[in-house]
Every structure is written in C-alpha cells, then in structure tokens.
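Number of protein chains: 2
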Amino acid sequence: MTTQGQITVALLGGGTVGSQVARLLGESADDLTARVGIPIRILGVGVRDVTKARDGIDSALITGDLEALAMSGADIVVELMGGIEPARSLILAAMANGSSVVTANKALLAEDGATLHAAAEKYGVDLYYEASVAGAIPLLRPLRESLAGDKVRRILGIVNGTTNFILTKMDEQGADFAEVLAEAQALGYAEADPTADVEGHDAAAKAAILAGLAFHTRVRMSDVYSEGITKVSAQDVAAAREMGFVIKLLAVAELCEDEKGIVVRVHPTMVPRNHPLAGVRGAFNAVFVEAESAGQVMFYGRGAGGAPTASAVLGDIVAVARNRVAGTRGPGESIYADLEVRPIGEALTRYYVNMDVADRPGVLASVAQAFADNGVSIQNVRQDGHGDDAGLVVRTHIARDSDLASTIEILRNTDAVRSVVGVMRVEGEDGR
Amino acid sequence: MTTQGQITVALLGGGTVGSQVARLLGESADDLTARVGIPIRILGVGVRDVTKARDGIDSALITGDLEALAMSGADIVVELMGGIEPARSLILAAMANGSSVVTANKALLAEDGATLHAAAEKYGVDLYYEASVAGAIPLLRPLRESLAGDKVRRILGIVNGTTNFILTKMDEQGADFAEVLAEAQALGYAEADPTADVEGHDAAAKAAILAGLAFHTRVRMSDVYSEGITKVSAQDVAAAREMGFVIKLLAVAELCEDEKGIVVRVHPTMVPRNHPLAGVRGAFNAVFVEAESAGQVMFYGRGAGGAPTASAVLGDIVAVARNRVAGTRGPGESIYADLEVRPIGEALTRYYVNMDVADRPGVLASVAQAFADNGVSIQNVRQDGHGDDAGLVVRTHIARDSDLASTIEILRNTDAVRSVVGVMRVEGEDGR
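If you're matching them up, the sequences are chains A and E in order.
Numbering of the first sequence is given in this note's numbering, commencing with residue -17 and proceeding in unit increments.
Numbering of the second sequence is given in this note's numbering, commencing with residue -17 and proceeding in unit increments.
Just so you know, not all the hints are guaranteed correct.
Identical copies look the same in the list; a pair holds intra-copy or inter-copy alike.
[Said to hold, decoys possible] The calculated lysine to aspartate or glutamate pairs, modelled on EDC-like cross-linking and capped at a C-alpha distance of 16 Å, are:
hint, residue 1, residue 2
1, Lys104, Glu272
2, Lys133, Asp12
3, Lys213, Glu181
4, Lys213, Asp370
None of these hints come from the bench; they were simulated from the model.
Isolated chain A (complex conformation) (with noise of 0.2 Å):
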C-alpha cells in the first residue's frame, strides 16, 4: 500500500500550523522513520500565494497547484487549509484516488462529516482529526480508543482558548466583557474578527465532534445549542465569585435520562471554584468525561497555536502511517448508536437567577411561586435590600431547561420583579 519504502505526505496549507508540520517532520525525521518503520517524505506544499516566504518550507516543496497535490497518491493527505472549500472537494479528491486524510478542519468535520466518513469508508483509507478538537490534547483517540469498553454519559468541555482567556481575565481583573476583548485582541489571543469565538460557533463545531465520538451517534453543528460569552457581565461574574463560583464557556453533550437521546450545548456556565474544570484558565483547554465504569477523567493541555495543533497533527500521520505499514486502517466512523439529538429544552440542567425586585412583603412569595407553577424547585436564595429595590438570588436544583426558561419568561413579566438582571446554567455541582 505504501509507496516504494516510505511514507508520501501532501501537505495543504502553509500557515502557522502547515509550517509547524513541514518543519517537525523534517526535524524529527529520524524519530518518526524508528516509529513508523519507514521514513516520511514531504511530496509539496500546497498554497493559495506562492509568493509569500513561508518559515520552516523547503521553498522547492511549494505549489500553488492544490488540486494536483491532492491527486498525487501521497499515502497521507494532511489537509490545514480550514474552512469548507476548497478543503471539502480536495479531500474527497484525495480519498478517491486512495490517499488517507488527516485534517484539523473542524469546521468542515461538524458541517459534513457524514460526507467525508462516507468516502473514508467507500474507498477503505483512513480519515484522522485529532488536531480539530482541543489542539496538542490527545482526546479523540481516548474517547474512540480507550473508552471503548466503557459507556460515556455526559462531557464538560472548555474547548475555545480565547473565550477562556476573556473569562479568565474578567474574573481575575473584574472588568467587563469589551474591555477584555480588546486587551485579548492587542495580545493576538482573539482575533480582530471575534465573532466565532466570542458567539460559541467554534465551540459548537467541537462539541458536534465530541459528542459524535462519545455517543456514538452522527452530531451536526446545526445540532448543537449555541450561545456566547458577549453578555456576560461584570457583575455576573463577581455574583459568581461571591457564591463559590468561575463562569466558564462550556460545551456540554450528556445522555438523556430515557438514554435514548443526547443533549449538545455550549453556554456560559458556573462552575463551582472546586471542581477540576475551574482550575483552567487563560488559553488552556480541558475536557471532562463521565463514563458509567471510568468515572471521571480529566484531558488538560493547550487547545490552541502552531507547535500544539502540529504535535496532534503528527501523530495522526504517525498512526495512519503505521497503518498503512500494516496494510490496515484504523476504527472508522461509529454511529451505530443512532441517539436522537434533542433540543436544549430536554436538557436537565439548573439555574442561577439574579432579579432587581421592589423591597416589599410578598416579593419573595410571588417569585417563589413562579418556579413552583412550572415544577422548578430552589435550592437557595439570597436577598439583600438596598433602599427601595432588593436584589434576589435565586439558585436552583436540577430541572428541564424549558420549565426553567418558562419560569424566567414569568418572572420578567412579574409586578414585583423590577428586571431580570442575569440567567446562567449551573453545572458541575454535586459530582454533575
């Protein structure tokens, strides 16, 4: 299966992280030859300006022809181009003509992977993506390979760097959101276009990998309940502090009750200070899985940049190398499971609910009310008067997402309650 003794990669795609590839494979080609078996050899470099020097390449190895590099026949195609075109259409050039891919396209994976796992299985070659979710954390791999034997119910992820850097600063600095933003942006963790980070859609995209993985069942990113860090304020975020708490962006896929169906959303989250998801801040990543016989296990490391999406990126090409050596391939897609994917309103969660309410008799009885006409049930409320007004805290135990959104739709049509001043889920306590 392999070509004359060695290893053939198409690289396409020579930004941050393609260089950071071209330049370890070269690097530590006498390392990867002893682990392969055989050496690796770069075949090219596709990219879209072949006039811009590019760090770590072979200028030799450059070609603007992406089509031709994809129909090369390298055993390994290595696609870091990102976005949907032309990345999709090469890709499934290259699985046809027998090349095995690598990408860390997740965007493209949560969009149409049915598409790309469909030609991976039709022309028998691998398709890896390591690299797509949490960056340098080895996570696809134990939750395809290791967890195998083992039944997941439910995941907690950071999985966005730079909304974690935002939430970390805004906790540690108690500043707001936009200021944060801007500082994030002056030292290039977010970008001058933060859109897809700040909104939860990059989150979303690897909470649609995740939780295929992990339950076995085809997640679309149209699947996925999405809501971003732009509104959380200040003031949630020291309501939080004062309670125990860290907001954290979380992507979170949990098997529902009837175990029949999954639940995947990414919204701002308070997590408690003691659980080992509060402990990782600035850029870092970290996934947390509850698997019925494991328990809980914990994946940390850096989700992001060009060295640590590489490492990832390399030691897929290591094992679909290795498998090309041994003339097999490595587990395919697994959606035998089939779950139906649910919205948000199935999801069991909890509240935390901050009101402006009038300082008078009876308040807290109306309030109270309106959680129990929809079966909510509290766990804990503060009030603290402050001359005509009182602010009210209402935490909540666990509930159906919808009955939660109804009693909040209630309250902010309630007399007495002045506004509605900040709604979060809650997650992470009690070991859930």
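Using the hints, position chain E against chain A.
Just chain E now, kept in the frame of chain A:
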C-alpha cells in the same frame, strides 16, 4: 485469525477487577459487538479458589485450571491475577499459543516487560496494558500513539492513590503520617500491609512503564530511584503550606540536558499550589506531560478501583479485538531510542531544606558557604529566631541532585546547624 465470527476471551483472575470485566462484557455485549463488528464471548474465568462465590460471574465459566484456560486458544487472554508467577508463565504460554494478551500487571511489566514484549513480537500477537498505570485514565495509548509525532521532555505523575489520599488528608487536617495511615486503612484506601504503596514501590513500577513508553527506552523497576512518604512529617506539610506549596508523591521521568539519558525517580515533592497537579486530591491520579510541541498536557482520573480499572481493560479488549478482526496488530514495543537510564544524582532538581540552627552571627554565612562550595545557588532564605535557636529554611535554584545531596551531608556536619529537620525536592516551579 478469529474463531468462527466471534472474539473469544479467557479471563485469568476473578477478583475485584476480573468480576467487573466479566460483568461489563455481559452487560455491554450489544455495544461491544457494534464497536468491534462481531460478538465477544467469554470462554472461562480462571481462579485459584473455585469454591468462592463471585458476583457477576456465571458460575459455569469458573475454572481452577489456569493453564488449560491460558492454552484454550482464546483470541485474547486477559491476565488480572497480579504478581510475577504464575502470571508470567501463563501469559507466555498463551502468546506461544497465538493468543493476544491484555494485562493490568504493573509489577510484572516493570520487572520483566522485556520477556513479555519479546514473546509478543516472536508470536505476532498484541500485548496491551493500559490498566497497569493510573487505572481508568487513558494514558498509555495517548503516550504511545497521540504523542507519537512529538518529543516528550518530562513526565510528572501522581500515580498512587493511597499515598495521595494520605498526603491530601495530612494537608487538610495537619495530621501526622501514622494517624492518617490508620484512617486510610480503616476506610479501605490503604492495605493492611501498606508497604508497596507508602514506600513508593507501586509508583516506581508505574514510573518505569510510563518512562519506557515516553522515551522509547527499556526501563526496569530497578532503574527507578524510589523514596516513600513514611518520613513526611506534619511539620513538612505545614512548612510547605506556609510557602504556598503542597507535598505530593511524584513519579518524575525526564530527559537529561544532553538528550542521551533519562532519570526516573519517585519521591515526596513540594509542588506550588497553583500547579495543575496540586489540585489532584484524595485517591485521584494525574499525569502531567511536557512535550516539545504539544507543551503541557495533563491526564486526570481515578487511578484504582474495580470499575475504573475494568474500563481500561475493556478498552484494551476492544482495541485488540479490532486488530484481530482486521488481521493486524497494534504498535509493538518501541525502545529504539535506547537512552541511558541514569542514577538520581544526575537529575537536575531543586531542594527545600529546613534546619534548626544556633541563633548567632555568622550562622547564615557558614550555611550559605556549604551551598556555594557545592556549586548550589540559593533562591530563597527565611530565618525565624526562637530563643537560642533559629529555624532556617532554604530553597535552592536548580542544581545536580548529587551536589544538593553533598550539601546536605556537609550541613549535617556543620557545628552551627543543630539539625536538618526537613529536606525535600521541589518540582513544578517556573514551568519545570
């Protein structure tokens, strides 16, 4: 390679882990079939005492004839008996007979892994052992596969739950070792004979296995420097706390500066409280890996217990079963780097030293001279007078461990030093 459209499994050992593995193979049969492609069937469970009732194991499967079961021709022989013999002979017989092997036997792997790996190679079978280190935490597969394109520089691990439970309690309660050990024994977190845990032997076996995988070098347990926690005092714990540190029993494996050798060591260690390993409390385990490209990665979870360990065994069974179905094998032992395993004296470490000294002029000067004479640079000194005596605490910069040890030897013989009351290595500062 498989027997009549199914994968057959022979379990050697019917204790806590064995019963859980048998139970899960039954309960998860449908999932496992979907994940492997064909059903997995248990041929038998070999035990020493056939008269003992065993929860979760069909009594018709129980047999006392371990040899016959090992030689039954099962696709996979799962060894969960522990100890060196008869485990080794049974594993070797099974491999010679064409069976792949899954084992959780860390002692055997650390003492005589070479023989087992050679047999796996000779007979073309798989040898998987994820459960041998850190129970349910997917760790060996990520090291062996996900980081296969990277270069590991250092591993810091909390790999023994009993000692971490004891040290956590000592930190929380300010109690002494003996007192907390008794509590741990009463709660079942420590064995009646706790030697293997508290003297660091169990951690040393795991360190040998981890280091071997990470550095592609054969490491035997006898190559590992090991020091237990029996001499850690309430005073040490309090001193650590005062300085913003916590004491952990760490397994450390690291590449030497010349990159031609490694040092593997297990000892009580002061770790800064803001280090990710500091938050690993109770019976949990975690392994922190520093790789050249990936940066810092951490794996966290339950290190022991029937169900978590069984989860890891099941993951291996699925992996080996998939290999059998595909007619292939997973990656074999990788020891191509063949680095020199050096004694602890060649490690670069930092020390914390706590002394009772005479409270008179010139004492600090003579103490400082002892460090200087050995080429050890001092990072931090704190002196507290109390009557005629003073407490003197020194933290050093990084130096050769042998130079640090010589310094301590000289201090013990320095007149002004009444006694050296505490010495401990420090890890995890400034990202190393």
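Status of the hints after comparison with the structure:
1. Lys104 <-> Glu272: neither (33 Å within a copy, 39 Å between copies)
2. Lys133 <-> Asp12: between (39 Å within a copy, 12 Å between copies)
3. Lys213 <-> Glu181: within (10 Å within a copy, 53 Å between copies)
4. Lys213 <-> Asp370: For lysine 213 and aspartate 370, the Cα distance exceeds 16 Å both inside one copy (27 Å) and across copies (62 Å).
Hints 1 and 4, counting from the list given before, are not met by this structure.
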